[in-house]
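**Q** Based on these hints, arrange chain B on the given structure of chain A.
2 protein chains.
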Amino acid sequence: MGQRGYALWFTGMSGAGKSTLSAELATVLRDRGLKVEVLDGDEVRTNLSKGLGFSKEDRDTNVRRIAYVARLLARNGVVAIGAAISPYKETRDQVRDTFPVGSFVEVFVHCPLETLIERDPKGLYARALKGELKHFTGIDDPYEPPDNPEVIVNTGVETVESGVRRILSALELMGLVPRVDEQRADLVHERLRAVGQG
Amino acid sequence: MGQRGYALWFTGMSGAGKSTLSAELATVLRDRGLKVEVLDGDEVRTNLSKGLGFSKEDRDTNVRRIAYVARLLARNGVVAIGAAISPYKETRDQVRDTFPVGSFVEVFVHCPLETLIERDPKGLYARALKGELKHFTGIDDPYEPPDNPEVIVNTGVETVESGVRRILSALELMGLVPRVDEQRADLVHERLRAVGQG
Numbered sequence: 001m002g003q004r005g006y007a008l009w010f011t012g013m014s015g016a017g018k019s020t021l022s023a024e025l026a027t028v029l030r031d032r033g034l035k036v037e038v039l040d041g042d043e044v045r046t047n048l049s050k051g052l053g054f055s056k057e058d059r060d061t062n063v064r065r066i067a068y069v070a071r072l073l074a075r076n077g078v079v080a081i082g083a084a085i086s087p088y089k090e091t092r093d094q095v096r097d098t099f100p101v102g103s104f105v106e107v108f109v110h111c112p113l114e115t116l117i118e119r120d121p122k123g124l125y126a127r128a129l130k131g132e133l134k135h136f137t138g139i140d141d142p143y144e145p146p147d148n149p150e151v152i153v154n155t156g157v158e159t160v161e162s163g164v165r166r167i168l169s170a171l172e173l174m175g176l177v178p179r180v181d182e183q184r185a186d187l188v189h190e191r192l193r194a195v196g197q198g
Numbered sequence: 199m200g201q202r203g204y205a206l207w208f209t210g211m212s213g214a215g216k217s218t219l220s221a222e223l224a225t226v227l228r229d230r231g232l233k234v235e236v237l238d239g240d241e242v243r244t245n246l247s248k249g250l251g252f253s254k255e256d257r258d259t260n261v262r263r264i265a266y267v268a269r270l271l272a273r274n275g276v277v278a279i280g281a282a283i284s285p286y287k288e289t290r291d292q293v294r295d296t297f298p299v300g301s302f303v304e305v306f307v308h309c310p311l312e313t314l315i316e317r318d319p320k321g322l323y324a325r326a327l328k329g330e331l332k333h334f335t336g337i338d339d340p341y342e343p344p345d346n347p348e349v350i351v352n353t354g355v356e357t358v359e360s361g362v363r364r365i366l367s368a369l370e371l372m373g374l375v376p377r378v379d380e381q382r383a384d385l386v387h388e389r390l391r392a393v394g395q396g
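Residue numbers (our numbering), protein chains in the order written: chain A, 1 to 198; chain B, 199 to 396.
Treat each hint with caution, since some may be false.
[Claimed, not checked] Derived pair list, reagent style PhoX-like, types lysine-lysine, alpha-carbon separation capped at 25 Å: (1) 134(A) with 50(A); (2) 50(A) with 122(A); (3) 134(A) with 35(A); (4) 248(B) with 50(A); (5) 89(A) with 50(A); (6) 35(A) with 233(B); (7) 122(A) with 134(A); (8) 89(A) with 134(A); (9) 248(B) with 89(A); (10) 287(B) with 50(A); (11) 56(A) with 248(B); (12) 248(B) with 287(B); (13) 320(B) with 332(B); (14) 254(B) with 50(A).
Simulated from the structure, these hints should not be mistaken for laboratory data.
Same shape as in the complex, but just chain A (with noise of 0.2 Å):
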């Protein structure tokens, strides 16, 4: 019996917590015995899209590949979190197009501009308010909120494993978390077979 497959795509603003959430959630995840795969903005800039830059088509290629290599992965029963930017909802709707339904579940990880500039750990603020980076999202580039994503996260207020609670909540009741008690059932499964009684 195969692992069932799925996205998970986190969106939003630099220094909002798409990349520790996702890390944490994948601990969480694999603790549960499932595959899981982060395929992170800055990671995947590195190896495969050097080059690119941040404008709207340079940001929706960047976009385009997470979500190719993410359908892959799915489609082998791997759980693939993304987590990158990807600013535009429209390129964001027609990524979850590309999934079967219900295989796409999006995390909008929310966090007030202010909070994000006073927090500002890499300074990245600092430099776009001073117009030393160009195309920074939120300061001189758009960001544009989920209208319906599955889950959001305000890590304005709440902490890491508040937010991590919320998403396995809300992938429990979509039926793509195994809960505790089935995975206890297929664990005595797979001890039968090991003992050669399955």
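**A** Chain B in isolation, oriented as in the chain A frame:
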């Protein structure tokens, strides 16, 4: 029990038969119960490498992108078939080194240049010989054959069927394909499970 993933890397000149062989092999491997994805050079150029040309640097970038996706798939139990000219030996060897030992199988699809020019179903060699296509492998761009590929298929003299059988035998010897007996045992297991005896 998860399937063991690995990369099957087809290298060879344009028209040598990489796409045909890899598509046929994919069918056979799926029939044996394996998960398979074919990362074909042309398709990958559309999805991952639009804008790249045929300079050494761009070809290497394309090859590395295919390899990156193949690694993600292979470590999740998928047989990832890469089918791109990948003309540079050093680059192929670097790619090999990014896979666990025994998880990278290089298939050299060889066909003599004269035969390729003679067959030339897409008329590409004719155009390259007239100078209409630049950077064409084998004409004005190099092809460096592998020193020690796991499999060599000579499509100048052998049929697709023969080539597929040769590759399949090699994979069986390497323990990378379930033999038909093992497969039958697994089926019995599955059926027992399905009727609640597992």
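**Q** Of the numbered hints stated earlier in the document, which are not met by this structure?
**A** 3
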